[in-house]
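Trainee: Take a look at the letters that make up each chain.
Protein chains: 2
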Amino acid sequence: MHRWSKLFIPTLREAPSDAEVASHKLLLRAGYVRQLGAGIYSYLFLGQRSVNKIVAIIRQEMDTIGQEFLLPTIHPREVWEESGRWTGMGDNMFRLKDRKGAELCLGMTHEEVMTTIARSELRSYKQLPQIWYQIQTKFRDEPRPKSGLLRVRQFIMKDSYSFDIDEAGLDLSYNLHDAAYRRIFDRCGLEYVAVEADSGAMGGSQSQEFMVYTDAGEDLIASSTSGYAANLEKATSALTPVIDLEPTGDGLPELVLTPGLGAISDVTAFFGIHASQDIKCVAFMGTRTAQPGTTEPLRPVVAFLRGDHFVNETKLNALAGTTELRPMLPEELQLFIGGPAGFLGPVGIAEVMTHGSLNGLNSGKPLDKLKGVSRENASEGLKTIVVMDKGLEGRANLVGGANKLDYHFRNITPGRDFTPTLTADLRNILEGELDPIGNLPLRLGKAVEIGHIFKLGYKYSKSMGATVLNRDGKEVTPIMGSYGIGVERILTAAIETSAAKNGGEAYALPASIAPFQVIVTVTNIKEPALVEAGEKIAADLAAAGLDVLLDDRDERAGVKFKDADLTGVPYRIAVGKKLSEGQVELLDRLQNQTLDIPVEAAVQTLRNLLGK
Amino acid sequence: MHRWSKLFIPTLREAPSDAEVASHKLLLRAGYVRQLGAGIYSYLFLGQRSVNKIVAIIRQEMDTIGQEFLLPTIHPREVWEESGRWTGMGDNMFRLKDRKGAELCLGMTHEEVMTTIARSELRSYKQLPQIWYQIQTKFRDEPRPKSGLLRVRQFIMKDSYSFDIDEAGLDLSYNLHDAAYRRIFDRCGLEYVAVEADSGAMGGSQSQEFMVYTDAGEDLIASSTSGYAANLEKATSALTPVIDLEPTGDGLPELVLTPGLGAISDVTAFFGIHASQDIKCVAFMGTRTAQPGTTEPLRPVVAFLRGDHFVNETKLNALAGTTELRPMLPEELQLFIGGPAGFLGPVGIAEVMTHGSLNGLNSGKPLDKLKGVSRENASEGLKTIVVMDKGLEGRANLVGGANKLDYHFRNITPGRDFTPTLTADLRNILEGELDPIGNLPLRLGKAVEIGHIFKLGYKYSKSMGATVLNRDGKEVTPIMGSYGIGVERILTAAIETSAAKNGGEAYALPASIAPFQVIVTVTNIKEPALVEAGEKIAADLAAAGLDVLLDDRDERAGVKFKDADLTGVPYRIAVGKKLSEGQVELLDRLQNQTLDIPVEAAVQTLRNLLGK
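Same order as they appear, the protein sequences are chains E and R. When we follow the UniProt record's numbering, the leftmost residue of the first sequence carries the number 1, and every step to the right adds one. When we follow the UniProt record's numbering, the leftmost residue of the second sequence carries the number 1, and every step to the right adds one.
Do not rely on the hints blindly, as some may be mistaken.
A pair counts as met if it fits within one copy or between any two copies, since identical chains are not told apart.
Quick list of in silico lysine-lysine cross-link-like pairs, DSSO-like style, CA-CA up to 30 Å [unchecked claim]: (1) 97 <-> 474; (2) 100 <-> 138; (3) 462 <-> 126; (4) 146 <-> 97; (5) 97 <-> 138; (6) 6 <-> 577; (7) 126 <-> 100; (8) 146 <-> 501; (9) 6 <-> 526; (10) 138 <-> 6.
The hints are simulated quantities; they were obtained by calculation from the structure and are not laboratory data.
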């Protein structure tokens, strides 16, 4: 049992004005942390106690699948040169020199150092698989540290690395991590989703991020209770069927005068249709990031999709082979599509495009706005791509622009009236659409990453020359995985999630990671009966194995209640006036419920709530 | 229960040739650690498991007296400028710049950062006392990293800091640490001594180092079982009385021809006396470290002590007010004492000294050998100091040099025949002499520091402007203490201590900090009965709460035994041929005993050995 009167818990009535997100404000107000510099925090008693509980859970679960190591923080430059990342890490890496001038860096991650151990110690397939983990402070020189503990320059990470003889082995190590991570996050009381992540750039084959929804996050994800989850740039949905319009006239595209009706809402109102019965055209000029000293051509990229849908530029870039997109300028629209904004459409676009010519442009100005493009190489940019969103597949009799000022077509039927370069998913999914695997409604929102598992492949083992002998006595390169959990992210995500349900000003931590499980508040220490009862309840709870904080301070009840609120400890027992009736007040902060219970029932009630 | 077959324990038959001390060799051979760079080590499974056990003990005991924090590793320069230590720490501090060019350092110690928290959060005496601790990696750019984990550039330290309203409070915080440290080191199974340390230079008032005897250490200490312990430069002893010689002739100093007898052994043989009946003269030129741009004079420093005693130069420097000593050169001996080496003595020395003059020297060369000394200021150096060791106090009729080639005096009686500038303790104590408080034999030897407690005083709280209101509403400066434990030092000291008893090639760790408490070795896994029995014993031990490693590898028994030896795990149960007689072999590595015990007795025997 801890006594508040003996502890250092510097609560604040107000959060510092520069605290942005709820967890930042609350961690400061509750006396969990104090800032030392940009992105650098000191963890005080409550903060460190919570961190220790998270670390203990992680350690316990990781011990079931791997072995704990502790690698150095200071790394010689040479090790990072071997993997090619000394340069690649750029300014994110803290670098320093020792007294002899040798170049060092502070570890941001430990693929390189782990691989030095593997290559000098692993000799045979018999020694595989290996899973080695550590729990350790990492350093990254964030360009814009912010959001309290969410984006910092030093933080505690559980990182692990697997070494396997083949891909089947790696699958197993990866799955062991997947399962262990789920146990860890479950025990930490987090609501999380596991998102398939893009891993192409790292040369790996599979990658998954564990995310927690919070507006304090910086990633956008979609998920459903079926287990489907994806980053917005990967997410798809199962569209509910929409009703096509009946054809009019001979059923072929029919030109309709729509004077001044450039906006979709105007068009749908004019025709008396739903936006899903309209074709939207979004036209871009795209290019790729140029290598130093070279230039990349501009390429027209035209997307067609339902009038109520929106383009996801990441998806479109991937489809078009571009890395940057900007809207076409009026003269480009005229040149490549043949109509003005508001009246663009698919009919005849292919013909227009083959007839267009960059030389027909009035001026080179618009092209020059994209880096690396010049008039000389722009003609190559004429390889236009027209992408139709899958949502238009099989549809008929749609309304769309006629590529002619103040005119629309009706009766547009994809396939019959136009043929895109390719048909693919290019749109942002929308909140409430159904997920593609379970047909359950999708939740769309910002999220923060708390963990990441990743099939690295051979990148480090190969570049650093790690080999083992296989069953046939041949030298082979072991295949690696790397896996991370952000310790403080677990704490902040838990606070953000709870604070979001409490208007951002209050929160309750899951009992497993709260600094204490229960606070016993003696409302007035000048009344011996209250003190005696509070001491006894706290002692009984402690004897039952609960982690108890007794608020025995000589403060007004109001002050004590406010302080207890700030700590986020999920349960509070107040010993006050109703003691004369044999009752104490139990606050269940997770359920936002207050309940009078008999003094004798306190221990059993808490044990039930904590599942003990 | 852990299975060796699933673990990564890369034992080595040979230690790398650059490993110097026993713990370094054994930590490498047992697969506890691997080196990444100079003074930078990776802790592998066994090493980290041991470190975790030590950390758990420290945390448990520190929680009884203080609150755990975790402060940043990266500190802004500004914080260290405030205390004046940014410059003071010199090259020992790792320094770096972030991407914006801001200057940072890696924390070597945390007085400054702790004080920033104290000064912004502590307002009143009511919030005192506070003891804040952390367990964390520290960084020091050691000029000569060596001896494995004994002198490294990053290491884990428990550091704590106390804030009190007055000296009585500090005494209490200091004593709480003293007691907690003793519990920690006791639980870690270390034989340690607590040595009063010199704390003058740090501005503090009291300081104590916890030391473990080992030849791998770099400090010299003396201690006895009475509880007396001191660094060699502070140690004194209670001398056993010696018998003075009977006077000869008229009892006054009598000149004796002693041709060629310059060595004490020759003199004592010639006179038929014991070295304790002889006066030794040791003559130095001393100086002080000069401030930049200034020079310090040379000063003759002459010490007299018993013929069987030796000068401690640290003590002599302190007495003479010097910081460096070097032996006098022949011309200096002639000038300041008047005799040649081998025939120096106290009689008449005062007269010689007042007559001597630096200008009489043949050349300025010898003086120039000491930095900061020049012929111009050397005349000031004539303020000679003659120190007589306390061991000569009250003695009579000693033999000593006559300051004349080939002559000695007998019948020299201090006080009557010469008067030193001062009489004080200036000698090294000797092994086996009696300690000054309990009259028990002193042990003298090298030792390594595992912990340090220190009354800091007001140095940081004052320079950094921390104040609180006292009981009378006045602003006062809190008084601080700082306290450290080296986590890896505990492990290495334990290994060194045990290895010293085992010829440096083997060791046993105390069960509390060994990576496992017991290893169960199945000598041949091809025999199902042995496997079954081994599995059962290991499972039973684990069920009884013991930390068990089952060696289930398909290796020869000899290999398994050697590997088990290397781990330092204190107990081993071998399941082998005697199983047919219902017996297993218990090796108690701490006692170096092997014993056959009945299978059924294994659990209870181990429980008894482990005190469970």
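Trainee: Against this structure, judge whether each hint is valid.
Mentor: Checked hints:
1. 97 <-> 474: Classified as neither; 41 Å inside a copy, 47 Å across copies.
2. 100 <-> 138: This pair counts as both: shortest intra-copy Cα distance 24 Å, inter-copy 19 Å.
3. 462 <-> 126: within (19 Å within a copy, 61 Å between copies)
4. 146 <-> 97: both (28 Å within a copy, 19 Å between copies)
5. 97 <-> 138: both (18 Å within a copy, 17 Å between copies)
6. 6 <-> 577: Within one copy only: 25 Å inside, 60 Å across.
7. 126 <-> 100: Classified as neither: same-chain Cα gap 41 Å, cross-chain 49 Å, threshold 30 Å.
8. 146 <-> 501: within (23 Å within a copy, 55 Å between copies)
9. 6 <-> 526: Classified as within; 18 Å inside a copy, 60 Å across copies.
10. 138 <-> 6: For residue 138 and residue 6, the Cα distance is within 30 Å only across copies (28 Å; inside one copy 32 Å).
Going through the hint list in order, the structure does not satisfy hints 1 and 7.
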